[in-house]
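Order-wise, the sequence lines are chains R and L. Residue numbering for the first sequence is 1 to 112, as defined by the working numbering. Residue numbering for the second sequence is 1 to 109, as defined by the working numbering.
None of these hints come from the bench; they were simulated from the model. Even glycine gets a Cβ: it sits at the ideal position worked out from N, Cα and C. Treat the hints loosely; a few may be bogus.
Straight-line Cα separation of at most 30 Å, BS3-like style, residue types lysine-lysine; simulated pairs [said to hold, decoys possible]:
#1 L:Lys57 / L:Lys69
#2 R:Lys57 / R:Lys11
#3 L:Lys42 / R:Lys14
#4 L:Lys42 / R:Lys71
#5 L:Lys68 / L:Lys57
#6 L:Lys42 / L:Lys59
#7 L:Lys68 / R:Lys57
#8 R:Lys57 / L:Lys79
#9 L:Lys57 / L:Lys42
#10 L:Lys79 / L:Lys57
#11 L:Lys59 / L:Lys69
#12 L:Lys79 / L:Lys63
#13 L:Lys59 / R:Lys11
#14 L:Lys42 / L:Lys63
#15 L:Lys42 / R:Lys57
#16 R:Lys57 / R:Lys14
#17 L:Lys42 / L:Lys79
#18 R:Lys71 / R:Lys11
Chain R is nowhere near these chain L residues, computed Cβ spacing over 12 Å in every case [what the hints assert, rightly or not]:
#19 Leu11
#20 Arg12
#21 Ser20
#22 Ser28
#23 Arg31
#24 Arg61
#25 Phe72
#26 Ala77
#27 Lys79
#28 Glu81
#29 Ser83
#30 Thr106
#31 Ile108
#32 Pro109
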Amino acid sequence: DTGVSQDPRHKITKRGQNVTFRCDPISEHNRLYWYRQTLGQGPEFLTYFQNEAQLEKSRLLSDRFSAERPKGSFSTLEIQRTEQGDSAMYLCASSFVNTEAFFGQGTRLTVV
Amino acid sequence: EDQVTQSPEALRLQEGESSSLNCSYTVSGLRGLFWYRQDPGKGPEFLFTLYSAGEEKEKERLKATLTKKESFLHITAPKPEDSATYLCAGQTGANNLFFGTGTRLTVIP
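Bound conformation, chain R alone (with noise of 0.2 Å):
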């Protein structure tokens, strides 16, 4: 097992296109979480699940981000309509129940 594995590392979009971006997590790890950090801050949590149900999203989730988790395997979390502030390092992490969460490289996205 090679930890948690995000897809692209960097992702150049123009403003207005649609981005998707895939984690696997650590096999057998039931939660799956998205966070966003942009520079000089800490990561923001975005959404979690555990198995295939996503238990929790922030109010940093617009109607424009959506994350699915199918099987409750690897997560997709697509953005539509990119905005220039959504350019961010986009996290993704996995754990078991009640455990310390590991994190991913991150996938850099840049809206230009």
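Fit chain L to the given chain R structure using the hints.
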């Protein structure tokens, strides 16, 4: 409102010069206090979890402690490879992590 405040924002140490990083928190229903290390352009790397006041954990040159209002990350005789941003986070009753803005540590050879 949940809040995690880290100080100082940045810290420069000479190699071998010990110091402490502070994390003060007001998190409702705190289930745990977490420390992570983050290198530039990478995801946070888990260091410690503390669950109750008085608890201490150590790993190599790092020791984390917890009181009812704050946590400290003590760095003993740091080396240049300890240079990184250290993030503190409270785990809320909702199970997600509420992060501070981090302390950027630079250790000069």
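Structure-based check of each hint:
no.	hint	verdict
1	L:Lys57 / L:Lys69	holds, 17 Å
2	R:Lys57 / R:Lys11	holds, 24 Å
3	L:Lys42 / R:Lys14	holds, 24 Å
4	L:Lys42 / R:Lys71	holds, 28 Å
5	L:Lys68 / L:Lys57	holds, 16 Å
6	L:Lys42 / L:Lys59	holds, 21 Å
7	L:Lys68 / R:Lys57	holds, 28 Å
8	R:Lys57 / L:Lys79	violated, 40 Å
9	L:Lys57 / L:Lys42	holds, 24 Å
10	L:Lys79 / L:Lys57	holds, 20 Å
11	L:Lys59 / L:Lys69	holds, 22 Å
12	L:Lys79 / L:Lys63	holds, 15 Å
13	L:Lys59 / R:Lys11	violated, 35 Å
14	L:Lys42 / L:Lys63	holds, 23 Å
15	L:Lys42 / R:Lys57	holds, 24 Å
16	R:Lys57 / R:Lys14	holds, 26 Å
17	L:Lys42 / L:Lys79	holds, 20 Å
18	R:Lys71 / R:Lys11	holds, 26 Å
19	Leu11	holds, 15 Å
20	Arg12	holds, 17 Å
21	Ser20	holds, 19 Å
22	Ser28	holds, 15 Å
23	Arg31	violated, 7 Å
24	Arg61	holds, 20 Å
25	Phe72	holds, 18 Å
26	Ala77	holds, 26 Å
27	Lys79	holds, 23 Å
28	Glu81	holds, 19 Å
29	Ser83	holds, 17 Å
30	Thr106	holds, 15 Å
31	Ile108	holds, 22 Å
32	Pro109	holds, 25 Å
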